[in-house]
Structure formats: C-alpha cells, structure tokens
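Residue numbers (full-length UniProt numbering), protein chains in the order written: chain A, 1 to 330; chain B, 1 to 369; chain C, 1 to 240.
One should not assume that every hint holds.
[Stated by the list, open to error] Here are the computed distance ranges between Cβ atoms for each label pair:
no.: 1; chain 1: A; residue 1: 85; chain 2: B; residue 2: 190; range: 54 to 60 Å
no.: 2; chain 1: A; residue 1: 128; chain 2: C; residue 2: 79; range: 23 to 29 Å
no.: 3; chain 1: A; residue 1: 27; chain 2: B; residue 2: 173; range: 41 to 47 Å
no.: 4; chain 1: A; residue 1: 2; chain 2: B; residue 2: 231; range: 55 to 61 Å
no.: 5; chain 1: C; residue 1: 130; chain 2: A; residue 2: 2; range: 27 to 33 Å
no.: 6; chain 1: B; residue 1: 355; chain 2: A; residue 2: 156; range: 55 to 61 Å
no.: 7; chain 1: A; residue 1: 124; chain 2: C; residue 2: 227; range: 53 to 59 Å
no.: 8; chain 1: C; residue 1: 130; chain 2: A; residue 2: 6; range: 24 to 30 Å
no.: 9; chain 1: A; residue 1: 25; chain 2: B; residue 2: 160; range: 35 to 41 Å
no.: 10; chain 1: B; residue 1: 120; chain 2: C; residue 2: 14; range: 35 to 41 Å
Hints in this document: simulated from the structure, not taken from any laboratory. Treat the numbers as computed from the prediction; the structure is a model and nothing was measured. Backbone N, C-alpha and C fix where the C-beta goes; we use that ideal spot for every residue, glycine too.
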Amino acid sequence: MTASDVFNRFGGVNLLPVILMILALPLIGSVSSWVTLTVAGLAMGMMIFLMASGLSLVFGLMDVLNFGHSAFISFGAFIAASVLAALAAWVSADSVILNALALFAAIAAASLFGLLAGWFFERVIVQPVYRDHLRQILITIGALIVAEQLILAIWGGAPIAVARPSFLEGSVIIGDVAIETYRIFACLLGLAVFVALSLVLNRTRIGLLIRAGVENREMVEALGFRIDRIFVGVFMAGSALAAMGGAMWAGYQGLISGALGGEMMILVFIVVIIGGLGSIEGSLLGALLVGLLGNYVAFLFPKLSLASNMLLMMAVLLWRPWGLRPAVKL
Amino acid sequence: MTATTQANPAAASHVRAVRTGRIIVWSAAAIIAFCLMFAPFLFPDVRAQQVAARICVFIVLAASYDLLIGYTGIVSFAHTMFFGFGAYGAAMALKSMGAGFDAIFLGGAAGVALAALLAVAIGVLSLRVKAIFFAMVTLAAASVMMVLASQLSDFTGGEDGIVYSAPKLFSPATKLLTDDNGKVLKILGVSMNGKVAAYYFVFLSCLLLFYALVRIVRSPLGTVLEAIRENELRAEAIGYRVVAYRTAVFVIAAIIAAIAGVIWAVWLKYTGPESTLSFAIMIDILLMVVIGGMGTMVGAVLGVVIMTLAQFYLKDVMAAAAEATSGLPLVPHLVDPDRWLLWLGILFILLVYFFPAGIAGTLMKKGGH
Amino acid sequence: MSAPVLSLQGVCTDIAQYQILHGIDLEVPEGGVYVLLGRNGAGKTTTLRTVMGLWKARAGAVRFRGRDITGLHTSDIARLGVAFVPENMGIFGGLTVEENMRLASKDGTFDARRLAWIQDLFPAMKTFWDKPAWALSGGQKQMLAISRAIIEPRQLILIDEPTKGLAPAIIRAMIDAFREVAADTTILLVEQNFMFASALGRGVSVIDDGRIVHSGTMADLVADKALQTKLLSLSLDAHQ
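Work out the full structure, taking the sequences as your base and the hints as a guide.
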C-alpha cells in the first residue's frame, strides 16, 4: 500500500485540516495558545464557509461567477450592525432571551435582505447575461461598485462599532484554556448550516436536481426540469447565506467598515478555488484550511498571514488544478 | 459598392453611419493626440500638466489591458500589480542609488523582469482552466501583493510609499534652453525647464509603447488572437496552442504595464500602494477600456480621457445637485461628489447591457449585428 | 400507417456563426426504430439537439404528433414524452444509479414492474443500483442512459450514437435490448455503425451537409449495395 493509498483510505483531502492542526501544535509550543488559535481558526473558517458556499453553488449550477457576491456580505454586516444598534436595550439586557432575540433579529434581517436582494440581483443583473462570461464579470463588477457606493452613502465612510449581545461576550474556561463564547457560537451556527445544506442536497428532490444540475445542466432540462427556476432559488439562498456570514463577521470583528466586503471576497475566492467549484463539502474544507492557516500564521509569522493563503492557493492549484473537491470539471 | 447601395438603402445608410462614426472616433483621437503633444503649451498650469501626464500613462495601461480583455478575452485583475512592479522597481532604485538614469534603468528592468516572471507563473498555472477561474486567481494574487507592499515597509515604505527625486534633467530648476541673457528661454510664454523635459519623456515613451501595442494587434499574432477569441475550440483544432498564445499575451501586457509603471514613478517622484496598486485603479482601467470600447485600441484612448474628465466634471455637477437637494433625506448623500462612482457604476451596467462594444466599438461597428 | 410521430420541415440551425442545418425535412413514423445515418459533422447530432430544443432552429418547424414544438423549452418538450440520450450519455457521475433513474421518473417513484423489466434487460442496473455512476464502465453507462430514457413510458426516444466506443459483444446485447424497447416506443436513432443500424432500423434517412439526401426503408438500403456505396462510402470507410 502506498502512502497515497493510506492517505485516501483515511479520508483523503478531508484530512488536511486535521493534519494542519497537528503540524501547528509543535510549532506553536503552548497547548493553550494552540487551542485558542484552533478555535479561532475554526470559527473564522465557518463564517467564511457561510459566505463561500452560495458562491460556489451558484457557479456550479449555472456557470455564473458573481463578483458582486461580496456586496451581500457587506450589506449583511451593516444591516446586522444597524439592527443591533436599534435593539441596544435588548443587546445589553441581563436576559439571555432578550439577547438572543436581538441577535436572531439581526441575523434574520441580514439574511432576509440577502434573500430579497439576491432575487433582484439574479433577475435584473445576472439573468440578461447568462452564458456570456465576459459581460457577466463586467456587469457584476458594475453592480459591486454601485453596492459599495450605496453602503458608503447610507452608512458613511467611518467605521461602525457593532454591539455584541452580552450572553456571547466573555469566554468559556476549560482548565487554563479560555475560548471566546462568540467563536463557539460561530462554529455551531456554521456547522448547523452545513448540516442543513447537506440534508437538503442529499435527501430532497430539489437537492437531487441541484446536484445533477451542477454536473450537467442540459441533461437535467432534457429530463423535464427548469434549471433556471431552481437557480433563482439557489442564488437567493446563496445570497442570504453570504449576508448571514457578513452579519456573523460583523459581530466577530466588533468594528466594520465599507472595505469589509472586498477583504472577505478575496478570502472567499481563495476558499472556492481551493475547495473546488460547485461543492459545499469543498467550500467547507477550503474555508477551514484558510481559517486555520490564517490564524496559525498570524501567530507565528504575523506579516505573512494573507500571503499564506495565497501560497496555500498556489500549492493547491499545482497539486490539483480543479481544487480539492470539485463537483464540476472545468 | 454602388450596386449594393442602390439595391439596399438600409445597407447604404448603415455604411454611411459607420463612416460617420469612424470619422468621429478618429477625429476625437486626433484632437486628443494633438492636445497631449502640445500639452505644456496649451495648458501651462501645473495641475493640467499632471492630468495630461496621467492620461498618457493610463492610455498605455488601458491599451495593454485592452490587449488582454478585448483581443484575447482574458479578464485579469492583476494589471495594477504589474504596473506596481515597474513603479516600485524604479522607485526603490531611485531611492537607494540616487537620482540617475542608471537607477531608473536597473530598477525598472528588475521590476519589469519580475512582472514578466510572475505573469508566466500565473499564466501557466491557471490559464489552462476557465477564464472565470483566471479572473479569481489574478484578483487573489493582486490583493496579496497589495497587502505585501503595505506590510513590507522596510522596502516599500508601507502605506506611506516612497518619495525620491527624479534625474536632474527633469527638475524644474534645469534650464533646457537659455536666451541670450542666460535665463531660461520662454516659448509661447512657457519656460523651457526640466518640467517640460519630464513631460516629453512621459509623452514620448507612452507614444512608443502605444505604437508597439498597435503593431502587436495588427501583426499575425493579433490575427491568431482574434481567431482564438472567436472560437477557441476551432482555433485549437486548426493547431494553435491556445494556452501558449494566451500566456504570451498575458506576459506582453504585463511587461508593458510594468514599463508604464516605471514612467509613472519617474514622473510622480512618489510611489505608494494608492498610486499604483490599489483596486480602485484596477477598476478605473477596466471601466476605461469597456467604456471606450474593447478590442479597438483607440477605445482605450477615448475611455481614459472620458473617465479622467468625468472624474473632474461629474463631481462639479454632483456638488451642485447635492447643494440643491440638501433638504431631502439620503438624496444629498447619493449625489455627494464623493459618490460619483455610484453613478458611473450604474452607467457602466447600462453600457454593458446596451452597448457592450463601448463608445468606439459602437461608432465604428463593422458590419450589422 | 398513422401520422408521423415527429416531422421536421425545412429546419435550419446555426451554431455561433456557422450554419449547420440547411433545411432538414424528416418524417419519423410511429413505432420501431428509425435511423438517421451520416458521416461525421453532417448534422446528425445537431438535428437531435434541435428537436430537443437544446439548439434553437432559425427557420423551419419541428412537429411532434402534429403539434409545433419549435420554440418550446427543452423541459417542456421532455414533458411531452420525448426522452433524449445524448452522445456523451449525460450520466450524472456524482449521483448513484438509483438517483440517476429517480431523476428520470416523473414523480420520483418507480413502477415496480417497469423497473424489474429494465433490471432484467440490463442486469448491471441491479448490481450497481446504489453505486455512484462514475464507477460504471462505458457500456454500463450507456445502459444507464438508456434505462433512464425508458423508466417511464415515452412517446419518442432520441438516441445519439449509443454504440460509440463499445465492444462488439456489448453491441450485440444492445441490439436485443433495443428491439424489446422499440416494441412499444418509437426510437429515432443516430448511428455511424451500419451493422447496428441495419439490424434495428425500419426506416432510414441519410443526412449530409445539413440536408437529408435520402429517405426510405432500411430493407431497400441494405439490398441496394450501389446506393449504400454512394450514400455512405465515407462513413463506412471511416468506421469499419
């Protein structure tokens, strides 16, 4: 049995985040720092996964790459910040229920906006340029410019502080390791979304159609289904997830500015490229790798943290030009 | 031609429209060329010369980008990265070796070489797969370079950038021509000092680069590129090595962008992330090429001038509008001069919908669609 | 004989700037296998794709049981009872055999008798039922593609070169299967393999350069060697 057989037998590329975690431990040296960084990396990965999964599916299904995707992330973040600011009394209240309600309202408002804006975006911006990649890139970039300017016009250019519900403040302490509650929450939410997405994709007829459509759109139509109608739904869901990711990110950062969308978009692209287009498993894998590596490197070699993701992307492209777990062959 | 003209009045009017369109485009280009050629005499104030030099450099930048997007169908977001390599190469050498042409040459050559090398790497690595994938990879690469430039402040001056002097020849104190009294000679009221030399250094080098680009698209290589853009599979079947051609074009465009960066660095006497690498500049170039007309070269000229003038005049109009609507909610924010990109973005979307050929392409449309 | 199941009148189709079909006239009668022969690039695949609505005809009309379906969306044509087996088989490799079949059934459920019949026809469909389709061999993939087309009763099945790349033994097994399927369904079969085509076909049309150059019965064509040479020399030379 060769080394690669062993590798594949024990989960193949799915093992990469675990391998990364194990490699990082001796480099970091201290177990408590390692745990903190690992949880931070996982939390960050899960939030990026929220942002990336929609983009990946939208691309897989209709061959549409939406450069305006980051606008949903930004809008989600700013809307969540506004809702939390409006519900300031609930946010700081001494009641977990009120805290949770405020948080739920913020995330729900962001996601709802993503859903509606996604519908508008798909119908007005993307649909007229299906199958024309160049115009698709240009027009979604135009939309991105407009969206970013709208954010500046509505919320202004100065960074905005985001209130964090008090029940998510502070840390859980296990032994001598302190883990931020918000990070645990981000991990759980991301995991829940992943499980829900997997269930929809693997257990429902719509999911079956989406998976089939990602592979071969024409054949699904020749079997009697309207892919374009399914696609609107996927686009809306993807936009809502991006907005949800943005909302979570806003709470995580505590301070957001108009540049947020652009910064996250780079990470999202790297994740989608690493993971392979069109599969949510790939997105999760890519997001975890990016999140973990980013946090470890930021601790070990602070100056290299973003470059590290770039190197990771280059390495993956050299090893597997179509990403780690692609659903579509490019 | 006369026979078809009689037989088909619609075609005749189309031919006439195309002819008029070409005349408009070429005369606009001629006027621009004239203005740039005599800019120091026509627009003597410092600010206008700054604008003229910027237009020269951006014409080269936009035209080389047109070679990618218009002639080859490659969407890259790394063009400012290559521009930055050239600029930073020249800037670092000018800073450390002192203000001399040897520094410009050595530093510039190093920057251009690095740009070419990275272009080969990116091209070979990712031009094999879909165009859209390439766009993502270049975007990621460019933003990482941007972060590196602002973090490696020991070499690049970080966010502040690098300030240095240009060779003595380009200094305002240098007298190019003197009159009988030994004072700097004035022609048409303009002092013949080093500033004029600097402008003509920019103008002539940019003219040379633009000419090179025009030669490239008119050469057999240009024909091959067109064949590939029209029908990739067919071109491959005929026997063209599509990936090799694409990579070659990507490298050529990168080299030209890097040289433009060197020129820009010499003119500006300052190089920083905002002046060379920023995503805003990348978007500017993209808008310039698309608005001007992809795949025409002359479109790049029009696009650069229109965008540059719009940046000034649209802002004036918007300032007036913001004043007029100051009582309303949100509206003044939407027409705030700082939001000029908002309206340009909307204009851009409409343009891509209705006139994907851009200004030059629409006016000079070859054959009916 | 009743009215044709499918008829094409003067159908012209362009792909990008190239005109591929220059006015196809074709009538496919009810029942049995009707074969469309022609050399590479003659327009066979384009004809099938135009019928299916995957390419849009620029001129002419496609009629299905008398109804004009020229401008209909592919999915609507499929829902009229037309199944399509493309040249690349259109298998969803990431899905299991069962999921592939499930997508092809109208409401996601199987008629037990029909499924048993198919699994009897192609035993591999039973063996690999819950395996991912990418793991199938080329012949098995073709069987899956055909199984998908017949899991529901159809009015018309369009099949594009099912024998491409298959071993002779598998092709012989296919002939038997096709005969059984054609007993109650009309099949329009695009082929280059004359042995396979002549074993199955009732009627035949030959297409060249985007036009129908001959239509008649398969028996006549098989009997008339001179005609065969004239019409098919190119394709037979290239493929036998």
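Which of the listed hints are not met by the structure?
-> Violated hints (numbers, rising): 3, 4, 6; every other hint is consistent with the structure.
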